[in-house]
Amino acid sequence: MSQKDETGLSSLERSEFIRRKERLYRRLLAGCALLTIAVTVGIVLSLSGQALTFFESVSPVDFLTGQDWSPLSNEPSYGVLPLVSGTLVVVVGSAVVALPIGLGAAIYLSEYANPRVRAVVKPMLEILAGIPTVVYGYFALVYLTPILRNGFSLPVLPEFVTDPLPVVSEFTLVVPGLVPDINTFNALSASIVVGVMIIPMVSSISEDALSAVPDSLREAAYGLGSTKFDVSTKVVVPAATSGIVSSYVLALSRAIGETMIVVMAAGESPRIPTVPNVFDNFTESIETMTVAMVNIAQAESLGETVAYESMFAIGLTLFGLTLTMNYIAERISRRYREEY
Amino acid sequence: MATESETLHQSRRFRLSHIKGKLFEAVLVVATLVGLVALVMLFGFMFVDAVSPGSASAEWYLLFFATLVGPMSAFTLYSRRHPAVRGANARASAAVFGGLALSLAAFVVLRAMSPYGPLTYVITVGGLPLSVVAYGRYTEETYFIGPAVVLATLLAIVWTLGSEVLLSPILDATFELGVQLLGGLPVLGSVPVPVDRGHTVTAIAVGVPTLVAASSLLRRRRSTDRLLVVLAVFALSTAGTTGLNGLLRPYLETVPAWMAYGGVIGTPVIGTLALVVSRRRGLRSGVVAAGAAVVGTALVAVVALTLSVDPRLLVVLSLGVGVPTVYVVGRTVLTDRDGQVGVVGPFVIIGGILLGAYIDQSLSVTGPDTWVTPTLLVESWDGLFPTEAGAYPSTVGSVMIVGLMALMAFPVGTGAAIYLEEYAPDSGWQGKLAGVIELNIANLAGVPSVVYGLLGLALFQNVLDFAPGLVFSASATLGFLILPIVIVSAQEALRSVPDSLREASYGMGASRWQTVRSVVLPEAVPGILTGTILALGRAIGETAPLIVIAVATATSSAPEGLFSSGAALPLRLFSASANFDPAYRTGVVAALAIVLLVLMLTMNAIAIIIRNRYQ
Chain A
1 MSQKDETGLS SLERSEFIRR KERLYRRLLA GCALLTIAVT VGIVLSLSGQ
51 ALTFFESVSP VDFLTGQDWS PLSNEPSYGV LPLVSGTLVV VVGSAVVALP
101 IGLGAAIYLS EYANPRVRAV VKPMLEILAG IPTVVYGYFA LVYLTPILRN
151 GFSLPVLPEF VTDPLPVVSE FTLVVPGLVP DINTFNALSA SIVVGVMIIP
201 MVSSISEDAL SAVPDSLREA AYGLGSTKFD VSTKVVVPAA TSGIVSSYVL
251 ALSRAIGETM IVVMAAGESP RIPTVPNVFD NFTESIETMT VAMVNIAQAE
301 SLGETVAYES MFAIGLTLFG LTLTMNYIAE RISRRYREEY
Chain B
1 MATESETLHQ SRRFRLSHIK GKLFEAVLVV ATLVGLVALV MLFGFMFVDA
51 VSPGSASAEW YLLFFATLVG PMSAFTLYSR RHPAVRGANA RASAAVFGGL
101 ALSLAAFVVL RAMSPYGPLT YVITVGGLPL SVVAYGRYTE ETYFIGPAVV
151 LATLLAIVWT LGSEVLLSPI LDATFELGVQ LLGGLPVLGS VPVPVDRGHT
201 VTAIAVGVPT LVAASSLLRR RRSTDRLLVV LAVFALSTAG TTGLNGLLRP
251 YLETVPAWMA YGGVIGTPVI GTLALVVSRR RGLRSGVVAA GAAVVGTALV
301 AVVALTLSVD PRLLVVLSLG VGVPTVYVVG RTVLTDRDGQ VGVVGPFVII
351 GGILLGAYID QSLSVTGPDT WVTPTLLVES WDGLFPTEAG AYPSTVGSVM
401 IVGLMALMAF PVGTGAAIYL EEYAPDSGWQ GKLAGVIELN IANLAGVPSV
451 VYGLLGLALF QNVLDFAPGL VFSASATLGF LILPIVIVSA QEALRSVPDS
501 LREASYGMGA SRWQTVRSVV LPEAVPGILT GTILALGRAI GETAPLIVIA
551 VATATSSAPE GLFSSGAALP LRLFSASANF DPAYRTGVVA ALAIVLLVLM
601 LTMNAIAIII RNRYQ
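Protein chains in written order, with the numbering used here: chain A, 1 to 340; chain B, 1 to 615.
Keep in mind the hints are simulated off the structure, nothing from the lab.
Just so you know, even glycine gets a beta-carbon here, dropped at the ideal spot from N, CA and C.
Heads up, some of the hints might be wrong.
The calculated label-pair distances, taken between Cβ atoms and stated as ranges, are [unchecked claim]:
hint	chain 1	residue 1	chain 2	residue 2	range
1	B	P411	A	P123	24 to 34 Å
2	B	V133	A	F17	13 to 23 Å
3	A	G31	B	E523	23 to 33 Å
4	A	G31	B	G296	34 to 44 Å
5	A	V175	B	E523	51 to 61 Å
6	A	R20	B	V303	52 to 62 Å
7	B	P411	A	V120	33 to 43 Å
8	A	V175	B	T370	24 to 34 Å
My request is simple: use the sequences and hints to build the entire structure.
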């Protein structure tokens, strides 16, 4: 210290206190960042801890291959297959809705729409992802299912216009019910609404991938005499495949974990899907993994029973499934990021 | 001939591919429209059921068009042409409507909790850092004040929460053990033990900072008197903090309720006002401004008391809306000659609504037969009479849960983002760790929300042994859930700050923290706020994790504190949607759904406005 004073270097060096202060802030901030690791560790520990005690009373083989799920009955049975297949039904249904529509919207927004349209439409589509899922569930149960069963009629003109002019009241839009024998709780309306919810995930991530395709590729294709259709379908979309696929995987992983819509609209009757009449699976009530968890959580005065622990076992399955899917999506999208 | 057929052929091909292209474009437009139509249907059906706009008379529409929509659109059109007016309008609207929303939320929560508990917290947790800052202003000390404020805040939070939650079970156990040990000794057993848990907490709270102070004083000789004063503040306020139930609370409860409300709302509002004004115009003006705010609010209260009106809401509104509005309007009128007119904006809207409602009342115009009424937000649930049914307890619960969650997730999320963007090196083990953290955050963002519920259930009920469904557990669970969203958006905001600013700051000799605090963060705050508000919008509607941690889906009493059982708006919607009475099913419940949607949309709109203004 005294030597440095002589050479005048001490003025350039921060004092010990300031260095300590900097270190303190650094550590506080690092602590915040490490908290996220703690959350993951907490999730893994809490899930696996209870799940392990569950697997002491129910063997993992029975759990994974059992075809009956009735944890709250007098003779409980813990086979997860009906729940997994229920989840699969919803995922397939929502994929049919969301994947083509989302990709179509993405191509339109990235290739066709002018900037002003895009500036309005893109945020509006993203509102769909922000709507509370409980509102979606309510919509599916109270509005969509009756519409699917009975159709709906919409007076094109409001009453205070038609009242003075009785002739006009004839104009009523009537749409017949598409699925007359649909159950009150059914997989179809739940899947459609889950699909609508994940449209913006597909469209905005895919749109980012499509927009990231360099203009030089488009210009080269136009230079060779391609039409806009050819450029979009044969150049831009193939070049952005990995981004699109990763958006698909992320969206489906969101559909797997979706809870409230399915709880409210799809009911709670675990069943293995019927194979030849695939469509019947959608008109009937099903039960997904998430619904099973909510049902157990809602059953009061449960304590530390096997049913309570089974909730964590399903949670672990769900966590593993979504983690794997997110990891795959991350790998795929990382590959596409390297391309350009 | 050959060429002619070729061109014909080509033109046919051309026409075919033209049609194909048009068809493809039409398909794409339809795909895009499906999403929008779904959005319109969702809002449309629920809106028609909840508000029944068809039941209002044409006069009603004309009336509100004349008083509200007309003037508002005229003003908007005018201000679009004048950027200064637009800016002033945005500031004034933010002050008026932001103040209104926050004060109403605060009032509702305080009414449910009784204001004395929060007052104790405000005085202790807020008083500690504020007194450190005031001391720094007074002595113009910059050396210790920064870390002292951080430490004081952390310490106060840890002790205040900790003494109630984490510490008490441990202390109870130790205390009982101590009593048993003492009781085991024959001589001491006859002596009545003079301490109880509150005193033990206080002793630890005062003892630890004092010991820390002593040890650091022994090591350092320079500026000891200043350090001593700062630490004395620590020790005193910490003692107050932890002894809050025993020491401070009885005195505070003798204060009339409206003063307690004023204290809770006023301390942060007037403190901020004093800081902002004194930074702009010097210490004296700051004190004068704060004094004026206090006197003004006291006047409001006195007038209300002489007219025998309940002064509580008026005091809260005067502090939460009046003070920021007067400050923003006054400042704009005095300093911003071009934009002056803009401050009228929010008053055009409020005046339009009030005038319309007044004429509506006096001429008794038929308004819409709506379910979205004040009853919905101020009354408890009624299972028999749908017109009496409201979601007051759930609303209070949602406000409490989301507010506390924001207080927890915002600093932690921002801190993590600052570490990852500004501190973490690219290489070495720390760089690898940062990579792992980033990957981990990306994965956490994809974890289903029910799984967070299981985390909350295991952490708070199994490990910490809390009662099921507390407000605190709900906030913490949702806090974990939105943490990745907050971090990622804060990271984006920090990344968009140009490096040249950082380099300039380093070039002037600033340290890393100084650069972050005074250069990077001020630039990034709008972006960070945008992300946080979006995350809050998501948290308001989150239902599944709350069901899993056993928050009651149907309660008739509002939560009374952070550690009493919670309630939430989406849970009420969930439980009520099973009702088959159409008055509930497509009436009250649709109105609840509309309330949730409007809340979510408002938050998104605020976030978008902030983003557009600052980018």
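A quick look at each hint next to the structure:
1. For P411(B) and P123(A), the hinted distance range of 24 to 34 Å is satisfied, since their beta carbons lie about 28 Å from each other.
2. The given range of 13 to 23 Å is respected by V133(B) and F17(A), whose C-beta atoms sit roughly 19 Å from each other.
3. Hint check: G31(A) to E523(B), Cβ distance near 24 Å, so the stated range 23 to 33 Å holds.
4. In this structure, G31(A) and G296(B) meet the distance hint of 34 to 44 Å, their C-beta atoms being roughly 42 Å apart.
5. Taking 51 to 61 Å as the suggested C-beta distance range, the pair V175(A) and E523(B) conforms, at roughly 53 Å.
6. For the pair R20(A) and V303(B), the supplied restraint of 52 to 62 Å holds, since their beta-carbon distance comes to about 53 Å.
7. Distance hint for P411(B) and V120(A): a CB-CB separation of about 35 Å, consistent with the stated range 33 to 43 Å.
8. Taking 24 to 34 Å as the suggested C-beta distance range, the pair V175(A) and T370(B) conforms, at roughly 27 Å.
The earlier numbered hints are all upheld by this structure, with none contradicted.
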